[in-house]
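Asks: Here are the chains, one letter per residue:
2 protein chains.
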Amino acid sequence: MSIRLTTDIITFFKESFIFDSFLPLHTPFFNLKEEEYLIDCVRSNFVSSVGEYVNKFEEALHDFTGSKHVILCVNGTAALHIALKLLDVSAHDEVLIPSMTFVATANAVSYCGAIPHFIDVDEKNLGVNSKKLDDYLNKIVDFVEGKVINKNTKRVIKAIVPMHTFGHPVNMDELKKVSKKYNIPIIEDSAESLGSFYKNIHTGLFGKLSILSFNGNKIITTGGGGAILTQDEELAIKAKHITTTGKVPHKWEFYHDVIAYNYRLPALNSALGLAQIEKLPEFIEKKRRLAEFYKEAFKDFDEFEFFVERDYAKSNYWLNAIILKPEYEKLRDKILEETNNNGIMTRPVWKLLHTLPMYRDCPKMNLSVSESLEKRIINIPSSAWLVDKIKV
Amino acid sequence: MSIRLTTDIITFFKESFIFDSFLPLHTPFFNLKEEEYLIDCVRSNFVSSVGEYVNKFEEALHDFTGSKHVILCVNGTAALHIALKLLDVSAHDEVLIPSMTFVATANAVSYCGAIPHFIDVDEKNLGVNSKKLDDYLNKIVDFVEGKVINKNTKRVIKAIVPMHTFGHPVNMDELKKVSKKYNIPIIEDSAESLGSFYKNIHTGLFGKLSILSFNGNKIITTGGGGAILTQDEELAIKAKHITTTGKVPHKWEFYHDVIAYNYRLPALNSALGLAQIEKLPEFIEKKRRLAEFYKEAFKDFDEFEFFVERDYAKSNYWLNAIILKPEYEKLRDKILEETNNNGIMTRPVWKLLHTLPMYRDCPKMNLSVSESLEKRIINIPSSAWLVDKIKV
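Chains as they are written, first to last, in the working numbering: chain E, 25 to 416; chain V, 25 to 416.
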């Protein structure tokens with residue numbers, strides 16, 4: 025059985041796509057536009073934290089997402105760190121984050137001296153399970169002097185950080201209800217969901233603050249980079265100030281009024297980003313076509329489901345995923361092993377954060393869905409350009 | 025008097041250099057080499073944290089500085105943060121840093137939860153005043169169970185961070201004696217001194233760890249960027265691990281074993297850096313010629329000294345400085361105002377860190393030299409290419 029399925033998957037990729045010896049999981053696509061903007065940036069002499077390209081890329085992100093404010097950062101982790109800071113996440117606070125996400129989220133919480141509190145995900149959208157979270161908070165939360173207290177640890181719960189896994193939007197209406205009920209603000213981790221919409225509104229516009237990532241593996245890349253999104257002008261001003269060393273503007277004086285960060289995205293990376301975002305509609309269209317192809321092709325496989333967007337969502341299909349049915353979960357490692365051995369790059373989902381040594385003792389709810397999904401998710405090649413390599 | 029001197033300085037610049045309306049303080053120089061490497065980087069598709077250019081730029085820095093290990097970081101602040109972490113600087117520790125330095129140093133100490141402890145500089149080299157520091161530590165330090173304790177605050181002093189101001193090396197022999205005597209390790213802040221040597225050894229090779237910066241205003245730039253230098257293999261391995269999310273190498277698994285950072289310099293920025301470091305010997309030569317020109321030209325001014333390298337040093341003359349004699353210190357603001365108004369960009373030294381609101385209550389020694397120098401230092405145009413604009 026294991027051999028049959030693994031062979032069938034490998035055969036599928038070999039017969040479906042034109043490739044020599046290696047199908048990467050996700051690589052960017054550049055053309056002359058990137059080269060043109062980079063050359064222009066270098067010739068302008070403004071390659072660092074000040075420069076036209078920083079403003080232009082921010083403006084383009086504003087136009088595309090509809091976010092009132094966009095503050096570019098050196099990467100998504102830095103953006104998350106600042107978003108947490110701006111919600112006053114401090115030493116000994118708790119922040120609710122999925123156990124099934126990239127480790128940067130837990131790290132950003134740690135940078136604030138705070139403690140990640142792991143929550144479960146929903147098999148339907150791979151993001152925060154609002155119903156389960158509601159039931160859980162109902163049991164563990166106390167309200168003391170306007171603060172939300174974890175009864176078990178006596179610590180304040182300061183924020184909840186949903187993540188739109190692989191580009192698939194969380195059910196934000198449900199989550200917003202929970203956020204409101206317990207008075208816990210949302211920081212929306214849209215690192216993977218640039219180009220994904222929840223009910224026609226771009227992801228990242230629902231949280232008090234949100235973040236994007238333009239890492240090398242993302243739908244568009246700046247080498248490394250990220251952004252903070254917010255609809256709140258005061259937070260936007262603070263975000264800009266604290267990511268740019270807290271310098272108070274002056275013709276020559278170096279006056280800084282707050283402990284701050286050197287987190288601004290350089291103009292060089294912004295130039296790459298601007299060229300990339302001009303291609304974003306095309307990338308989304310291609311990735312959605314690729315997903316459509318996978319969906320159709322995988323219909324006949326009984327052992328797994330190809331993960332598709334929910335009714336409320338338009339997903340960027342950043343990273344395509346197949347999810348083994350529970351009875352086939354034992355095949356995961358074999359499939360990973362053999363596909364990678366055959367030049368078809370696949371990967372499992374992240375190791376659940378509550379199992380990593382540094383986060384093992386953090387508070388957590390029952391994580392049964394995450395634990396089951398971890399054994400069954402396999403990401404498959406997802407680059408936008410791959411749709412053009414389909415054999416006809 | 026004030027008017028005469030200010031006018032003379034402005035006249036000097038106008039008569040000495042070919043320029044239209046603006047002489048910047050320090051801007052980079054790029055040519056086709058930068059464009060070539062950036063294009064090659066984009067065409068390679070490896071623009072992010074993994075890529076040939078990251079390795080090549082590290083190798084070039086290794087070759088130039090002679091440092092056994094070089095770990096590229098997203099900027100100098102990040103490098104400093106990690107260097108402090110690797111010396112186990114933790115909450116409620118103290119770190120000795122000059123009050124006369126860029127705010128990033130104090131911020132990096134704060135990121136560790138530690139407290140900057142401000143020390144004075146030496147008028148002879150603008151860096152740490154070792155003699156004064158020795159006398160001070162002698163009074164305030166206790167040794168308890170192998171730890172160096174500040175008797176006044178009861179906190180552990182974990183490190184000392186000298187900075188080679190404007191590229192001029194600190195007297196490292198003197199400082200190393202103090203470091204040894206009090207058992208306080210040195211983190212050498214060489215952000216400004218790439219290309220500067222102390223007794224023929226590159227700055228950054230004296231500390232247990234050291235850092236470089238490639239910010240837009242530095243002698244070479246990567247847009248934003250920095251590096252950790254160390255001669256200790258174990259620290260180098262840790263530095264690489266902790267700056268790259270603490271990921272344990274595996275073909276596909278995401279296993280991270282420590283709270284870590286997303287601090288790796290992208291390949292895109294490294295490509296720019298590689299093109300830049302190939303020009304570094306030329307930049308140094310030009311900057312030294314420019315300094316020579318200033319030195320000669322300013323001989324006739326009685327009101328200030330042009331700051332020159334010490335006998336033990338070969339300086340990169342990153343930022344040239346004139347230092348008003350104490351009796352003329354009241355002229356500083358007028359000179360800054362008028363030169364900038366006339367398109368000649370000048371600036372004062374950083375506002376002393378112990379005077380900034382967030383660091384006002386930190387421990388400090390007598391800072392009389394820094395306080396006097398702050399009133400008298402003026403940085404003047406220093407770009408490497410400026411030497412080619414001297415009127416003949």
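Since the hints were made in silico from the structure, they are not lab data.
Heads up, a few of these hints could be off.
As the list makes no split between identical chains, a pair holds if one copy fits it or if it spans any two.
Derived lysine to aspartate or glutamate pairs resembling EDC-like cross-links, with alpha carbons at most 16 Å apart [said to hold, decoys possible]:
id : residue 1 : residue 2
1  : K275      : E361
2  : K375      : D281
3  : K275      : D357
4  : K155      : E83
5  : K413      : D326
6  : K338      : E316
7  : K200      : D385
8  : K264      : E39
9  : K358      : E277
10 : K323      : D112
Asks: Evaluate each hint against the coordinates.
Replies: To see whether the hints hold, each was checked on the structure:
1. Taking the closest pair of Cα atoms, K275 and E361 come within 16 Å of each other only across two copies (9 Å); inside a single copy the shortest separation is 59 Å, beyond that limit.
2. Taking the closest pair of Cα atoms, K375 and D281 come within 16 Å of each other only across two copies (11 Å); inside a single copy the shortest separation is 40 Å, beyond that limit.
3. Within a single copy, K275 and D357 get their C-alpha atoms only as close as 60 Å, which misses the 16 Å cut-off; across copies the closest is 12 Å, which meets it.
4. For the homomeric pair K155 and E83, neither the shortest alpha-carbon distance inside one copy (37 Å) nor that between copies (53 Å) is at most 16 Å.
5. In this assembly of identical chains, the alpha carbons of K413 and D326 never lie at most 16 Å apart, being 26 Å within a copy and 74 Å across copies at closest.
6. In the homo-oligomer, the alpha carbons of K338 and E316 lie at most 16 Å apart inside one protomer (13 Å), although the nearest pairing across protomers, at 64 Å, exceeds that limit.
7. Within a single copy, K200 and D385 get their C-alpha atoms no closer than 28 Å, and across copies no closer than 42 Å, so neither meets the 16 Å cut-off.
8. In this homomeric assembly, K264 and E39 never come within 16 Å of each other (Cα to Cα): the closest approach is 50 Å inside a single copy and 40 Å across copies.
9. In the homo-oligomer, the alpha carbons of K358 and E277 lie at most 16 Å apart only across protomers (13 Å), although the nearest pairing inside one protomer, at 62 Å, exceeds that limit.
10. In this assembly of identical chains, the alpha carbons of K323 and D112 never lie at most 16 Å apart, being 47 Å within a copy and 54 Å across copies at closest.
Hint check: violations occur at hints 4, 5, 7, 8, 10; the rest are consistent with the structure.
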